[in-house]
Structure formats: structure tokens, C-alpha cells
Amino acid sequence: MMLGLNRKDASLLLIVAILVALAPIFLNPFPEQSGLAQFNAGYPDLMQRFVIFGIFAIGFNILFGLTGYLSFGHAAFLGAGSYAGVWMLKLLTINVIPAIIISTAVAGIFALIIGFISLRRSGIYFSILTLAFAQMSFALAASVLTPITGGETGLQTALDDPRILDGTNTTGNIPAPSIFGLQMGDSFQISVGGWLWTFNVGYYLSAIVMLSAFYLAIRIFRSPFGIMLRAIKSNQQRLNYTGLNTKPYMLACFVISGMYAGLAGGLMVSMDPLAGAERMQWTASGEVVLMTILGGVGTLIGPVLGAGLIKYFENIFSKINDNLLHKWFAFMPDGVEDFIVSIIYPFVGKGWHLTLGLIFMAVIIFLPGGLVELGQKVASIFKKKGSTPSNNPNTEPAE
Amino acid sequence: MDQIILQILNGLDKGSAYALIALGLTLIFGTLGVVNFAHGALFMLGAFCAITFSRILSLSKVVVDETQKDFLGNPLKVDVPYIYDWFGESAGQVLINWSVPLAILFAIPVMIIIGVVMERGLIKHFYKRPHADQILVTFGLAIVLQEIIKYYFGANQIPNPAPEAFIGSFDFGAAIGLKAGTIIYPYWRIVYFCFAMLLIGSVFAFLQFTTFGMVVRAGMADRETVELLGINIDKRFTIMFGVAAAVAGLAGVMYTPINPPNYHMGMDFLVISFVVVVVGGMGSLPGAVAAGLLLGILESFASMRQVIEALPGINQVVIYLAAIVILLTRPRGLMGRKGVMEE
Numbered sequence: 100m101m102l103g104l105n106r107k108d109a110s111l112l113l114i115v116a117i118l119v120a121l122a123p124i125f126l127n128p129f130p131e132q133s134g135l136a137q138f139n140a141g142y143p144d145l146m147q148r149f150v151i152f153g154i155f156a157i158g159f160n161i162l163f164g165l166t167g168y169l170s171f172g173h174a175a176f177l178g179a180g181s182y183a184g185v186w187m188l189k190l191l192t193i194n195v196i197p198a199i200i201i202s203t204a205v206a207g208i209f210a211l212i213i214g215f216i217s218l219r220r221s222g223i224y225f226s227i228l229t230l231a232f233a234q235m236s237f238a239l240a241a242s243v244l245t246p247i248t249g250g251e252t253g254l255q256t257a258l259d260d261p262r263i264l265d266g267t268n269t270t271g272n273i274p275a276p277s278i279f280g281l282q283m284g285d286s287f288q289i290s291v292g293g294w295l296w297t298f299n300v301g302y303y304l305s306a307i308v309m310l311s312a313f314y315l316a317i318r319i320f321r322s323p324f325g326i327m328l329r330a331i332k333s334n335q336q337r338l339n340y341t342g343l344n345t346k347p348y349m350l351a352c353f354v355i356s357g358m359y360a361g362l363a364g365g366l367m368v369s370m371d372p373l374a375g376a377e378r379m380q381w382t383a384s385g386e387v388v389l390m391t392i393l394g395g396v397g398t399l400i401g402p403v404l405g406a407g408l409i410k411y412f413e414n415i416f417s418k419i420n421d422n423l424l425h426k427w428f429a430f431m432p433d434g435v436e437d438f439i440v441s442i443i444y445p446f447v448g449k450g451w452h453l454t455l456g457l458i459f460m461a462v463i464i465f466l467p468g469g470l471v472e473l474g475q476k477v478a479s480i481f482k483k484k485g486s487t488p489s490n491n492p493n494t495e496p497a498e
Numbered sequence: 013m014d015q016i017i018l019q020i021l022n023g024l025d026k027g028s029a030y031a032l033i034a035l036g037l038t039l040i041f042g043t044l045g046v047v048n049f050a051h052g053a054l055f056m057l058g059a060f061c062a063i064t065f066s067r068i069l070s071l072s073k074v075v076v077d078e079t080q081k082d083f084l085g086n087p088l089k090v091d092v093p094y095i096y097d098w099f100g101e102s103a104g105q106v107l108i109n110w111s112v113p114l115a116i117l118f119a120i121p122v123m124i125i126i127g128v129v130m131e132r133g134l135i136k137h138f139y140k141r142p143h144a145d146q147i148l149v150t151f152g153l154a155i156v157l158q159e160i161i162k163y164y165f166g167a168n169q170i171p172n173p174a175p176e177a178f179i180g181s182f183d184f185g186a187a188i189g190l191k192a193g194t195i196i197y198p199y200w201r202i203v204y205f206c207f208a209m210l211l212i213g214s215v216f217a218f219l220q221f222t223t224f225g226m227v228v229r230a231g232m233a234d235r236e237t238v239e240l241l242g243i244n245i246d247k248r249f250t251i252m253f254g255v256a257a258a259v260a261g262l263a264g265v266m267y268t269p270i271n272p273p274n275y276h277m278g279m280d281f282l283v284i285s286f287v288v289v290v291v292g293g294m295g296s297l298p299g300a301v302a303a304g305l306l307l308g309i310l311e312s313f314a315s316m317r318q319v320i321e322a323l324p325g326i327n328q329v330v331i332y333l334a335a336i337v338i339l340l341t342r343p344r345g346l347m348g349r350k351g352v353m354e355e
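From first to last, the protein sequence lines are chains A and B. Positions 100 to 498 (our numbering) are the ones given, in order, by the first sequence. Positions 13 to 355 (our numbering) are the ones given, in order, by the second sequence.
Note that these hints are calculated values from the structure, not bench results. Where hints are given, some of them may not hold.
To be verified - Computed spacing ranges between beta-carbons, pair by pair:
id, chain 1, residue 1, chain 2, residue 2, range
1, A, 465, B, 125, 24 to 32 Å
2, A, 102, B, 321, 54 to 62 Å
3, A, 441, B, 241, 48 to 56 Å
4, A, 421, B, 88, 31 to 39 Å
5, A, 336, B, 128, 34 to 42 Å
6, A, 307, B, 234, 54 to 62 Å
7, B, 70, A, 329, 55 to 63 Å
Ideal placement from N, C-alpha and C gives every residue a C-beta, glycine not left out.
Here chain A stands alone, though its shape is the one from the complex:
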């Protein structure tokens, strides 16, 4: 109906679009001066990360969610895209549009090469091959390729970059990435009562890109191509027996997924023009796996939710320290207070990874469908007691 989507998908897209557009408001639910203000996530840097990692996870989900091929090297594409993006900002123009386009293209080519080789195997061998390629890229980027990648310190823009389209300037500050004159860091702030809302150019650019990426993902999920990919997941052998060559479909899927990662990398350097080798390390690949699983594999909205949750944890949860905990529980008797703080403390602040690991394990064990499945279960309890969860095509895992 709308944009070639059926009603359910269209309304999902619309809801996501509204949420993303109003994120600066509802991510800041606490007034600026209140004690809970540190749980506000509505500042530009974090919101940019929400949507950028959302794109990364959507792309990963196209591969893992639809075909079941678990890549442990997706960060390599993110890294390749980042480097390509910074080079565009250095050589061509400080406008971010060429950088984002080239990032996507370079990651696509990179994915084509790696995918062509890795996809000759499946299962754990595929995971190990992608892991090996990513670790190789990481090791090379950090050592031998230093002239291209900046090595350990990373690649960044400098004052005397050529910038062919803009013309070199050697005075003043290093120009910040911008889009037709609007700098990525520019914000427009509104203060209502005690609340402060920040509307940031970079965030809205990323958000628009994310919504288009999300729309494209919906189209892929619903297309004959997407159905073919699900068929590969459920029984590749049978497809082969019917005389169908699954290789081109897999490769196309892998490249698309890699391009999403490159797009995320390009946006990342557009927000902050610095690319480091650690972005390619396998822990970064592991992170996107965590995001996708946590949100819900094979669902449309799951990866975005997972990305948001993990980034929220990483930035907000990790800031809780023991002073703060003591302040919160100050109303209790001293002994009880100390006891409770000592129990909670290992799980917050620097220990947030522990909480993340535990949540992740719990999700894998009890909720293979991730947060989306949790939402469905809760919804079905409220809707009608005893009825089976509705088979909502939007959110059904691609099993």
C-alpha cells in the first residue's frame, strides 16, 4: 500500500519514524537539575550512537537473522567504511555525503572479496573464516598499513588536508564535518520548565539514514529475495537438490549486510572524524552479535532495540559509582545500606559488562527471540489470558 509496504509494516515504520524524530524529547524524561538527570540519554553523542549502531545491527540481522550464517567478523566492514570515510573527508570535501557513499561502497567491495571466500564454507567454518579475515584486517590496520590507517593512533582529519573541492586552508581550526554548511555538531536547544531538549544536526542526519536503511530492510525481508534467504536458513541442501544455486543469493546478502556496516562506519566518522583500528577487532564484531541477539534475531525492530539497550548500558549504567549508590540508599540504616550497596556494586559502574553478560545469557537461555519475544509474551498476557501469541508477521523470528 504505502511505499510498497503492507499496513502492518507501514505502521511499524511510521512508529519507528515518530519515535526516532521525538527521541531528543522522550530520552530526556528527567528535569536537568534532578538527581535522576544522569539517566537522561537525550544528548547528541549518545543518540547518534543509538541510530548508527542500529544501522550496523540491522545489517548484521539481514545476514544472521535471515540466513542463519553467524559472522564473527562484521566489524571489519565497519572499520573499512570508517577509514574510507575519513579519507574522503581529508581528500575530497568536508561535506559528509561523499564520505558516506564511499564508505558504503568500499565496505561493499571488501565484503564481496571476503564473502566470496568465506561463503565456500558454512556453519562454524564460516564463523571462523570471517573471524580470521577480521582479525587479519585488524592486525594489518594496526601495524603494516599505518600509512593508510594511521596505525595505533588512528586516522583523523588535519588542517592541511588537500580537500580538493573545498580548497585547502591552513589557518584557523580544523573544519568540522558538515552537510551543506550545517555542521554535524550544531544543535538547537529548547528549554521547557526544567527540561532541556537538544536537537542535533548529526543526529537527525543519522536518523534519516537509519530510517531509509530500516525501510530497505523491511523491503528485503518481504521480497522474494528475502524469502529465498529464509529458505537457505531452513534447508539449504533441499534448495540445492531442486537445482538452485544458493551461492549468488548468499553472496548478495553478505555484501548488503557488509554495506550496512560500511554505512554505519561512514556515519560514525561523519559525526567524529576519527577512525581507529580497534573498531575492527573481534570484540567489536561480538558486540553487534550481542545487540542483535538481545533485541531479537530475525525480527525487524529487534536489532535497533538491542543496539539502543547496549549503548544505553555502556554510557549510562557504567557511570553509576559507589558514592552514588550510597546516596540512593542513604535512607536505610547504615549496616543495611552498606550491605545492599556491596551487593549491587559489582553489577554497575565498571562492572556493567557483567550485567550485560548475565542478561545476554538469560536471553539466549530463556528468550531466544530476544526483547521482541518478551514484548510479545507480555502483550499476549494482557490481550487475552490463555490465548497463544498472535503470529504477527512483523516480529516473527525467521525460523
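Starting from the known structure of chain A, arrange chain B on it as the hints suggest.
Frame of chain A, contents of chain B only:
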């Protein structure tokens, strides 16, 4: 010539650590069919068993020593480990000095218990789930174990020296008739290699020459038939999981003097160990050992100065490169069995 021997020796100690971890991984995979991403964490736990053990040994009380004076002339307070009271001072010192080898005795039961608890408590529920789920849940477990260790021991490397008798280097060149001083090799690495070989040998002997091992091998080959014969194969596989955990743990215990452990050492080794397992062939025990040693040696050859000059960066990537080449040319790895992990 001496360069080549030196590189082979250098490769052997790292290679034997790879081989031990890969052996445990393969054991778990061959018996239970589970891809265990938490195996690196078990290696790390073993290393921290050694640290804990040496800390237990040096638990001390403060005693005022009248014979020693500090610079103000007051009697000096010295820490006296409890162990001196129990075994006498000289024996106590020897015990503390030898804490790393002695930690083996401590680590074996601890690691077996950890392994069995892990299998019964978590892994058991994942036999029927897809491999991807197994990878993911053990990956989560690895994160949790790491963070627990980080909470208790901090994020820094903790040194844990080898016994004094093994500190120093051995002039290997002189021993085999080359010029003295050309091939110098630390004693502890020789010990590590011998220990690894002994451990690998005993695991193989256990599987080959005991009735228990025979049943386990039969279960690996054809689980159903063994069950039809009325043997509780699950119980034995659980014990094998404990054994695999102990092997990884012991590899970690003995590795502490070579490289001071920190909480993420397991992850660093895990990635390479997986590559080793796949290169050796999923499910092949000799393959895992051979591939471990081979890749260790390959890595040290690639870090020779002449090689790096010819091919910059090769030392960083040679293992992965080898893995890619082998996987593409020999799909089952070096010694992989037919029908294992072939979807």
C-alpha cells in the same frame, strides 16, 4: 641453522599452549558436540587458580621481630606466613617458592568441579539447540567469568614467578654442539613444553588404554549404540567435560610464569585456539595437537627479522592466513573426520 632451531623452540611453548586448549575444545566437541566459546575463560580460570593458590600459601600474620630494627630503632613488624608455623620456616619457603607447580594439585579438582558444574548447569540444556546458540551462550558465559575475575583480581596483569630453580636460561646451542650463546632458551619454557607433552600424552593414554576411555571413544564414534548397550554415556561425557576443563586449566596454571595473567588472556587465546581446532579438523584429537604446535612454530618463524623484512606484517596474520588456506584447500582440516560438522 641456529636461527631455525631457535624459532622452532620459540614456537613450541606457545604452540603447546594452543595445543592444550585446542585439545580440550576438541574433546568437548567430539564427545558432547558442543562448540565451547568459554574454553578460553577456563584457561584463564586455571591461571587464576595458580594466583589464588600462591596467595593462600603466603597468607600471613604480623609478628614483631625483636632481632630486626627499623630506622627509628623500634622492633620491625614482619609478615610471617602461617605456612611457616605448620611446616617450619625452610619447608615453608620451599613451598611458597614452588607454588606454581604445586598449584597443579589445587587446580585439578577445582577445574574438574567447575567443568562438571558448567556442563550440568548450563551446557546440558543446549545439546538440542543449534550450534549458533551454543556459541552464543558460551560466549556470554565467557564474558561473565571474565568480569567476575576482573572484579576480584583487578584489570592488571599479576606476576607469578616460577620456582627459583627454573629461573634463567639454558644454553641450548652449547648442548647440541653449536657455538655457545647462539640458542638461549629459558628453563621454564622447556618445563612448559615437557609438561604439555606429558599432559597430552596422559590424555591420549587415558582414552586409549583404560576401559573408561574406550567407552568414551566408542561414544564419540556412535553414541546411540553405546547407549543401547546400557551404558550411561552422558555421565561419562560429563566427566570428559571436567577433564577438558582441567586440561585447559593446567595449561593456564603453568603459563602464568611465561606471561602474567589478566582477565582477558582467555579471549586472546580462544580466537587462535578456534582457528587451531578448525585447522586440525573438528573432532580430531591428534589433529588439534599437531595443528597447535604447527601454528605455534609457523607464528614464530614469521616473526623472524628476515621474514618480516621480506613480507611486512606477516607475523601478525600468518595464523589466520594459514587457516584460510587450509580451510579452502582441505575443507575438513588437516585430520578431520568425515561427517563431523558438515551441514
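Hints, verified against the model:
1. Range check, residue 465 (chain A) to residue 125 (chain B): Cβ separation about 26 Å, and the 24 to 32 Å hint holds.
2. For the pair residue 102 (chain A) and residue 321 (chain B), the beta carbons lie near 58 Å from each other, so the given range of 54 to 62 Å is met.
3. Checked against the hint of 48 to 56 Å, the pair residue 441 (chain A) and residue 241 (chain B) passes, with Cβ atoms roughly 53 Å apart.
4. In this structure, residue 421 (chain A) and residue 88 (chain B) meet the distance hint of 31 to 39 Å, their C-beta atoms being roughly 36 Å apart.
5. Residue 336 (chain A) and residue 128 (chain B) have their C-beta atoms about 37 Å apart, which keeps the hinted 34 to 42 Å range intact.
6. Distance hint for residue 307 (chain A) and residue 234 (chain B): a CB-CB separation of about 58 Å, consistent with the stated range 54 to 62 Å.
7. A hinted range of 55 to 63 Å for the beta carbons of residue 70 (chain B) and residue 329 (chain A) is consistent with their spacing of about 60 Å.
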